[in-house]
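*Asks:* Sequence:
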Amino acid sequence: MREYSRPPKVELSPDARLTGTVFARAAEEPSAVMFKRQESGQWHNVTVKEFHDDVVGIAKALIAAGIGHGDRVGLISRTRYEWTVIDYAVWSVGGVVVPIYESSSDEQLTWILGDSGSKAVFVETGEHTERVAALRSELPELAHTWQIEGGSLKELVATGTEIADSTLEERRTAGTPDDLATLIYTSGTTGRPKGCELSHRNLLFDIRNVIEGPLKPIFTMEGRATLLFLPLAHVFARLIQLGCVESKTVMGHFPSTGPELIDTLGVFKPTFLLAVPRVFEKVYNKAEQKATSEGRGRIFHAAADTAIAYSKALDAGKPGLGLRARHAVFSKLVYGKILAALGGEAKHAVSGGSALGDRLGHFFRGIGLTVLEGYGLTETSAPTSVNGPEENRIGSVGRALPGTAIRIDDDGEILAKGDHVMRRYWNNPTATAESFNEDGWYRTGDLGSLDEDGYLRITGRKKEIIVTAGGKNVAPAVIEDRIRGNVLVSQCMVVGDNRNFVSALITVDAEALEFWKKQNNKTGSIADLVDDADLRAAVQEAVNEGNKAVSTAESVRKFTILPVDFSEESGQMTASLKIKRHVIAKQFGDEIDRLYSA
Numbered sequence: 001m002r003e004y005s006r007p008p009k010v011e012l013s014p015d016a017r018l019t020g021t022v023f024a025r026a027a028e029e030p031s032a033v034m035f036k037r038q039e040s041g042q043w044h045n046v047t048v049k050e051f052h053d054d055v056v057g058i059a060k061a062l063i064a065a066g067i068g069h070g071d072r073v074g075l076i077s078r079t080r081y082e083w084t085v086i087d088y089a090v091w092s093v094g095g096v097v098v099p100i101y102e103s104s105s106d107e108q109l110t111w112i113l114g115d116s117g118s119k120a121v122f123v124e125t126g127e128h129t130e131r132v133a134a135l136r137s138e139l140p141e142l143a144h145t146w147q148i149e150g151g152s153l154k155e156l157v158a159t160g161t162e163i164a165d166s167t168l169e170e171r172r173t174a175g176t177p178d179d180l181a182t183l184i185y186t187s188g189t190t191g192r193p194k195g196c197e198l199s200h201r202n203l204l205f206d207i208r209n210v211i212e213g214p215l216k217p218i219f220t221m222e223g224r225a226t227l228l229f230l231p232l233a234h235v236f237a238r239l240i241q242l243g244c245v246e247s248k249t250v251m252g253h254f255p256s257t258g259p260e261l262i263d264t265l266g267v268f269k270p271t272f273l274l275a276v277p278r279v280f281e282k283v284y285n286k287a288e289q290k291a292t293s294e295g296r297g298r299i300f301h302a303a304a305d306t307a308i309a310y311s312k313a314l315d316a317g318k319p320g321l322g323l324r325a326r327h328a329v330f331s332k333l334v335y336g337k338i339l340a341a342l343g344g345e346a347k348h349a350v351s352g353g354s355a356l357g358d359r360l361g362h363f364f365r366g367i368g369l370t371v372l373e374g375y376g377l378t379e380t381s382a383p384t385s386v387n388g389p390e391e392n393r394i395g396s397v398g399r400a401l402p403g404t405a406i407r408i409d410d411d412g413e414i415l416a417k418g419d420h421v422m423r424r425y426w427n428n429p430t431a432t433a434e435s436f437n438e439d440g441w442y443r444t445g446d447l448g449s450l451d452e453d454g455y456l457r458i459t460g461r462k463k464e465i466i467v468t469a470g471g472k473n474v475a476p477a478v479i480e481d482r483i484r485g486n487v488l489v490s491q492c493m494v495v496g497d498n499r500n501f502v503s504a505l506i507t508v509d510a511e512a513l514e515f516w517k518k519q520n521n522k523t524g525s526i527a528d529l530v531d532d533a534d535l536r537a538a539v540q541e542a543v544n545e546g547n548k549a550v551s552t553a554e555s556v557r558k559f560t561i562l563p564v565d566f567s568e569e570s571g572q573m574t575a576s577l578k579i580k581r582h583v584i585a586k587q588f589g590d591e592i593d594r595l596y597s598a
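Going by full-length UniProt numbering, the sequence shown opens with residue 1, and the numbers climb by one from there.
It is possible that part of the hints are untrue.
[Unchecked claim] Derived pair list, reagent style EDC-like, types lysine to aspartate or glutamate, alpha-carbon separation capped at 16 Å:
(1) 462 with 438
(2) 9 with 179
(3) 462 with 410
(4) 312 with 263
(5) 463 with 411
(6) 578 with 453
(7) 558 with 541
[Said to hold, decoys possible] Okay, the calculated beta carbon distance ranges per label pair:
(8) 449 with 470: 19 to 29 Å
(9) 594 with 549: 24 to 34 Å
(10) 162 with 3: 39 to 49 Å
(11) 130 with 549: 44 to 54 Å
(12) 411 with 583: 21 to 31 Å
(13) 337 with 149: 32 to 42 Å
(14) 141 with 337: 16 to 26 Å
Just so you know, the hints here were simulated from the structure itself, not pulled from any lab data.
The beta-carbon is built from N, C-alpha and C at its ideal position, and this holds for glycine as well.
Using the sequences and the hints given, assemble the complete structure.
*Replies:* Laid out in structure tokens, this is it:
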């Protein structure tokens with residue numbers, strides 16, 4: 001199949017706005033719980049009225065400060081309740097939110113605030129305030145900086161108390177669904193970030209068709225709630241925020257994916273999860289490490305194999321009696337404990353950003369947490385396809401959402417069309433023209449295929465194709481994802497362009513290394529152990545597993561373990577945790593050359 005599309009489940013009315021649901025609910029059910037907010041370690045309910053009043057307070061202050069319809073307002077913060085308030089407040093006055101990762105460099109801050117022409121910026125901390133202040137001379141259009149922490153928002157709200165409700169309502173309902181809602185700058189693996197123009201229509205059309213489409217069972221289940229811990233500067237988390245508001249799903253905010261997240265999930269007890277594959281890898285790896293340290297490693301691995309076999313049997317028809325019996329035993333011994341650590345209520349999770357991999361997909365479904373993979377880009381308002389509880393095909397990223405279409409071009413590139421696709425890149429007509437073909441299809445830059453039922457599978461990035469000296473085209477994503485699935489591996493980058501064979505640069509996960517050292521009576525840092533025979537043998541197992549997914553010509557024949565991990569701070573990764581191949585290839589050029597000199 002070369003093209004697949006579905007009719008929309010939801011069409012937007014001419015008066016549709018992102019703020020519509022908030023203001024309508026405030027009038028209809030003000031006492032309903034809308035959010036849960038963590039304060040001093042305790043979770044407290046936030047009603048619809050309380051959220052609405054918080055939004056109105058900031059919105060009136062924005063009007064008083066002179067923020068006009070279409071004005072851009074920057075937002076630099078971790079994921080927190082105030083982010084959502086500010087988002088809806090800016091939209092309420094017809095403004096445009098420009099999200100910025102709080103980890104962005106000064107150069108990135110200057111570029112995004114300057115290129116967008118932001119008139120104001122909200123920042124989270126005093127440190128952010130100081131950084132913006134140091135850049136003000138390069139940002140002539142930036143008139144205001146407002147800080148979230150330290151009580152500054154209360155002071156801001158006080159400046160807008162004279163603004164009438166009617167004035168705000170007039171501003172909120174002005175314009176059309178095609179007005180610009182947000183400028184999201186792609187983190188970019190090459191060059192400067194480009195600002196994706198996403199309208200109220202783009203975002204509302206996408207999320208409402210998600211809610212009424214493949215994810216309807218999740219967004220309509222009784223007592224639904226989720227904890228949002230991904231960065232709201234990323235389009236995936238942002239759309240989930242909208243999904244919770246639009247579907248009346250209770251949402252909590254948490255600012256980190258660090259070790260404390262698991263404990264927080266256990267308290268919050270979400271009914272579904274949103275995460276990137278690395279989070280699921282960590283859950284699996286920690287469970288495996290804990291079992292091994294307690295002398296139950298063999299039991300855990302038997303349980304994992306059983307879960308995977310059970311999930312695959314579900315696809316094939318029905319698990320046999322013996323498999324069902326083993327599965328029942330391990331549900332009590334192993335699976336229940338893993339699910340309890342995630343809160344014990346979630347039956348589904350949605351994953352995006354990169355590939356989860358078949359093995360983890362089957363493992364989690366086998367233990368009782370079905371991970372639904374989706375695919376999308378900032379330019380497509382997040383998902384353009386997603387699996388659903390009732391239409392899930394592990395290994396795929398689902399079918400095109402209702403109201404959207406996916407086409408596979410002659411060279412294998414995935415093309416997308418629908419009201420969820422951005423209209424253009426901000427101030428960049430050349431990039432815009434290059435990103436759409438003559439028929440108006442958006443060129444994603446990703447490679448993939450559609451099966452006979454319209455399910456999409458991602459095979460790699462068009463610009464990342466490696467061509468070996470023998471003329472073999474290699475898509476790195478498949479084998480890299482498989483190698484990264486190993487507990488010891490943090491990152492992997494396949495190399496081999498114009499070389500005789502394929503090799504890999506591999507970094508080691510710091511937490512996993514500490515556990516491995518205890519198990520193998522080793523000491524020293526990763527820099528001390530890069531040539532350790534036992535560590536290389538363990539990493540070789542990961543490489544061998546990865547090689548199973550590709551042909552001999554595409555397999556990794558040699559690898560080197562790097563003494564450092566890739567990081568955003570070192571410029572090797574984007575804020576959305578994609579590796580910057582050109583940067584890594586330059587920084588580790590000597591290591592790559594040595595792979596081919598022996």
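*Asks:* Decide, hint by hint, whether the structure agrees.
*Replies:* Comparing the hints with the structure gives:
no.	hint	result
1	462 with 438	19 Å, violated
2	9 with 179	22 Å, violated
3	462 with 410	12 Å, holds
4	312 with 263	31 Å, violated
5	463 with 411	12 Å, holds
6	578 with 453	30 Å, violated
7	558 with 541	13 Å, holds
8	449 with 470: 19 to 29 Å	24 Å, holds
9	594 with 549: 24 to 34 Å	26 Å, holds
10	162 with 3: 39 to 49 Å	56 Å, violated
11	130 with 549: 44 to 54 Å	48 Å, holds
12	411 with 583: 21 to 31 Å	26 Å, holds
13	337 with 149: 32 to 42 Å	37 Å, holds
14	141 with 337: 16 to 26 Å	54 Å, violated
Of the numbered hints listed earlier, those contradicted by the structure are 1, 2, 4, 6, 10, 14.
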